[in-house]
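Undergrad: Sequence:
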Amino acid sequence: MGISPETEQFAQFLGSVSDNYVDVKATRMEQPMTGASTARTAGVHALALQLLGERDQIADAVLARILADETHYEESTLIPLAYLRSSCEANIDGILRHLTGEALDTKVAFETGERKAGFGVPPEAMLHAYRLGGRTIWDRSVELADRQVGPELLDTCVRLWESIDVLSDVAAGAYRFRSDADARLDRATRRRLLDVILDGPVQDTRHLWDAVRALGFPELGSYVVVVGKIHDHGHDELGALRDRVARLPDLVAAWRREPTRATGLICCRADADLDLTIRDAVRALPTTVGVSRVFGRPADAPRGLAEADVAMHTSTSGLTGATAYRQVPVEALLVREPAGAADLARLVLGPVLDLPEDDRRVLIDTAFAWIDCNGSTSRTAELLHYHRNTVRYRLRRLEELSGRSFSDPRGTAELFAALHAARLTPDANAANGSATPGSSP
Numbered sequence: 001m002g003i004s005p006e007t008e009q010f011a012q013f014l015g016s017v018s019d020n021y022v023d024v025k026a027t028r029m030e031q032p033m034t035g036a037s038t039a040r041t042a043g044v045h046a047l048a049l050q051l052l053g054e055r056d057q058i059a060d061a062v063l064a065r066i067l068a069d070e071t072h073y074e075e076s077t078l079i080p081l082a083y084l085r086s087s088c089e090a091n092i093d094g095i096l097r098h099l100t101g102e103a104l105d106t107k108v109a110f111e112t113g114e115r116k117a118g119f120g121v122p123p124e125a126m127l128h129a130y131r132l133g134g135r136t137i138w139d140r141s142v143e144l145a146d147r148q149v150g151p152e153l154l155d156t157c158v159r160l161w162e163s164i165d166v167l168s169d170v171a172a173g174a175y176r177f178r179s180d181a182d183a184r185l186d187r188a189t190r191r192r193l194l195d196v197i198l199d200g201p202v203q204d205t206r207h208l209w210d211a212v213r214a215l216g217f218p219e220l221g222s223y224v225v226v227v228g229k230i231h232d233h234g235h236d237e238l239g240a241l242r243d244r245v246a247r248l249p250d251l252v253a254a255w256r257r258e259p260t261r262a263t264g265l266i267c268c269r270a271d272a273d274l275d276l277t278i279r280d281a282v283r284a285l286p287t288t289v290g291v292s293r294v295f296g297r298p299a300d301a302p303r304g305l306a307e308a309d310v311a312m313h314t315s316t317s318g319l320t321g322a323t324a325y326r327q328v329p330v331e332a333l334l335v336r337e338p339a340g341a342a343d344l345a346r347l348v349l350g351p352v353l354d355l356p357e358d359d360r361r362v363l364i365d366t367a368f369a370w371i372d373c374n375g376s377t378s379r380t381a382e383l384l385h386y387h388r389n390t391v392r393y394r395l396r397r398l399e400e401l402s403g404r405s406f407s408d409p410r411g412t413a414e415l416f417a418a419l420h421a422a423r424l425t426p427d428a429n430a431a432n433g434s435a436t437p438g439s440s441p
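So for the sequence shown, my numbering puts the first residue at 1; every next one is plus one.
Keep in mind the hints are simulated off the structure, nothing from the lab. Please note: incorrect hints may appear among the correct ones.
Okay, the calculated beta carbon distance ranges per label pair [as the list claims (entries may be wrong)]: (1) 206 / 54: 37 to 47 Å; (2) 86 / 139: 13 to 23 Å; (3) 189 / 409: 47 to 57 Å; (4) 187 / 392: 53 to 63 Å; (5) 189 / 144: 45 to 55 Å; (6) 243 / 357: 37 to 47 Å.
If you're wondering where the values come from, they're calculated on a predicted model, not measured in any experiment. Note that beta-carbon positions come from the ideal geometry of N, C-alpha and C, so glycine has one too.
Work out the full structure, taking the sequences as your base and the hints as a guide.
TA: Written out as structure tokens, the structure reads:
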């Protein structure tokens, strides 16, 4: 019994089918038949025909065994159960037909390996599933042979595991081929695919879903966009973040780099606190990173990109680490409306902004420190290494120049917004011309 030309082409195409495939082909599948071996082979065929009649029941048993014994299949939300059941049946059908005397067809094994790689099933889990399938067929063969004991059982065992061996090799080769093909998606290609997702809207949603699948993202999940500021064009400032995300098993990500920023689309495929995961991953990065709110569909990625970009720009120059969009609503509004922010800063803090730069900075920094310390003068003094009276004096000076009071809720709200506006629009102090001299507080 020979190997079909089509199967041979598959083996050559993969280039990674093990030497065992060649040994099996040469020593088992093509060996001449003696009279005794012909009789035993007939017994194998008869047993296989019985098994083939029970194919549906065996496929159900294999599926149940895989879901019970292999956690990657049980926990996966990406593999449709109907597909997994049909894959079990197709592989079992090929094995049993081979035991009846037909040529071993490896096309199903090739498709199995290629699809499992696309679903992100670990290769060891896929090969374990093949062994579970073989064990289930063997268990049923033993049960049937108990009623018709004969030498054909030994030959059935040999040929069954030879088939499992070959199909596992082909599936593993196809898995590696798909994985290598995915890895060979060059940076420009991945960049174009990510552009389709991030830059929307897409006229034809098929292009969006094609990009989503090509980059390995699920259609539903917990997504965020992160945007990091690039200070040095020759330095990969988000490299550490990419490395950390790549080491986390439940995350999938794609990245792009632009002249002044780097952007990442990150998805968590498991039930996890994605906000916390990203904050941990971003900690201690040497750059400013904005993080969008979590969203559930890739189609919402353009909004996520806008949020992450705004969040990045709300961070004060010189600070590093993550800034989440949902944590800076006032600052985000000011960044989105820069002209209005500059007007607000001038309206509330005009006399403060007209001070010399050093005097202006001292007043504004003291006010921010006091806000960060929840209005505690003592804690502000400790933080800034000043006497409490110095802090009180500077706050009073700010109140006098602005005409607002920190003891008045409305005045506090206006000062809070205006201070952020002044920090986020550094040119606001130049709106009315050059600054006027003033005394140091």
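Undergrad: Would you pick out the hints that fail for this structure and give their numbers low to high?
TA: none
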